[in-house]
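Take a look at the letters that make up each chain.
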Amino acid sequence: KQEVTQIPAALSVPEGENLVLNCSFTDSAIYNLQWFRQDPGKGLTSLLLIQSSQREQTSGRLNASLDKSSGRSTLYIAASQPGDSATYLCAARTYSGGYQKVTFGTGTKLQVIP
Amino acid sequence: SAVISQKPSRDICQRGTSLTIQCQVDSQVTMMFWYRQQPGQSLTLIATANQGSEATYESGFVIDKFPISRPNLTFSTLTVSNMSPEDSSIYLCSVEVWGESTDTQYFGPGTRLTVL
Chain V
1 KQEVTQIPAA LSVPEGENLV LNCSFTDSAI YNLQWFRQDP GKGLTSLLLI QSSQREQTSG
61 RLNASLDKSS GRSTLYIAAS QPGDSATYLC AARTYSGGYQ KVTFGTGTKL QVIP
Chain X
1 SAVISQKPSR DICQRGTSLT IQCQVDSQVT MMFWYRQQPG QSLTLIATAN QGSEATYESG
61 FVIDKFPISR PNLTFSTLTV SNMSPEDSSI YLCSVEVWGE STDTQYFGPG TRLTVL
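Protein chains in written order, with the numbering used here: chain V, 1 to 114; chain X, 1 to 116.
Just so you know, these hints were derived from the structure itself, not from any lab. Being a predicted model, the structure only gives us computed values, none of them experimental. Even for Gly, the Cβ is constructed at its ideal location relative to N, Cα and C. Keep in mind that a hint or two might mislead.
In silico DMTMM-like links for lysine to aspartate or glutamate, alpha-carbon gap of 20 Å or less [unchecked claim]:
no.	chain 1	residue 1	chain 2	residue 2
1	V	Lys109	V	Asp84
2	V	Lys101	X	Asp87
3	V	Lys42	X	Asp87
4	V	Lys42	X	Asp11
5	V	Lys109	V	Glu3
6	V	Lys101	X	Glu54
Here are a few chain X residues that face chain V, going by a calculated C-beta distance under 10 Å [claimed, not checked]:
no.	residue
7	Gln37
8	Leu45
9	Arg112
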């Protein structure tokens, strides 16, 4: 059974800092890994998706990496801004019994202080 | 990509009543998913809804409590029946878009349910 863990659970940084969010998964046979952002009381917004054959994806100030052998993914945010404040969730997609299954992490709540 | 809308966006309900949540997608999709996010927790899959067949429920969720309809390829409903305060959560509708080389998941804005 896939388990996805995110550390830290919460993070507070001053504006302008570069930061790294971590995501660990127990089953390395993943199909892809997706990072989401969730604003308070809202749904999820897809940020980046990394296929199992890829090592990283970039979008603007965001860079996500994937290391299947160690069961880890990181989301790097450059030059953080107050608007980046949100909860960040990673989700690992695996195949189980012929079906795709998505397992979400517990999330990291980020606060960027002006 | 896919744009998903949900109704209602939030509701406050009395114990013992039922609420039906609607999910509308701007394109035809095969699989739709319903998730629950309890306060301070991550997402838990309730069921997968395929058009033209019975929904598939995850362990711990049953059809009598969470009946689902999927009348066509762009619409689904989730009913939370005989509600109790423990059902207070955000309920999220999601779809998968299968691309040439990737499967991406998209989410609706969620329905925030409070049960008194």
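- Message: Checking hints one by one. Is Leu45/X an interface residue toward chain V, by the C-beta closer than 10 Å rule?
- Response: OK, holds: Leu45/X within 10 Å of chain V, min 7 Å.
- Given the hint that Lys109/V pairs with Asp84/V, test it: the Cα-Cα distance must not exceed 20 Å. With a Cα-Cα distance of about 10 Å, the restraint between Lys109/V and Asp84/V holds, given a limit of 20 Å.
- Message: Hint check: Lys42/V vs Asp11/X, CA-CA at most 20 Å. Holds or violated?
- Response: holds, 14 Å
- Item | Restraint check, 10 Å cut-off on beta carbons, for Arg112/X near chain V | With a closest approach of 6 Å, the Arg112/X hint holds.
- Message: Between the alpha carbons of Lys42/V and Asp87/X, is the straight-line distance 20 Å or under?
- Response: holds, 17 Å
- Task: Take the C-alpha atoms of Lys101/V and Asp87/X, compute the straight-line distance between them, and say whether it is at most 20 Å.
- Result: violated, 23 Å
- Query: Taking only the CA atoms, is the gap from Lys101/V to Glu54/X under or equal to 20 Å?
  - Reply: holds, 18 Å
- Message: Hint validation: Gln37/X versus chain V, beta carbon distance must be below 10 Å. Holds or violated?
- Response: Check passed: Cβ of Gln37/X comes within 9 Å of chain V, closer than 10 Å.
- Query: Are Lys109/V and Glu3/V close enough, with their CA atoms no more than 20 Å apart?
  - Reply: The given pair, whose Cα atoms are some 19 Å apart, holds under the 20 Å limit.
Hint 2 alone, counting from the list given before, is not met by this structure.
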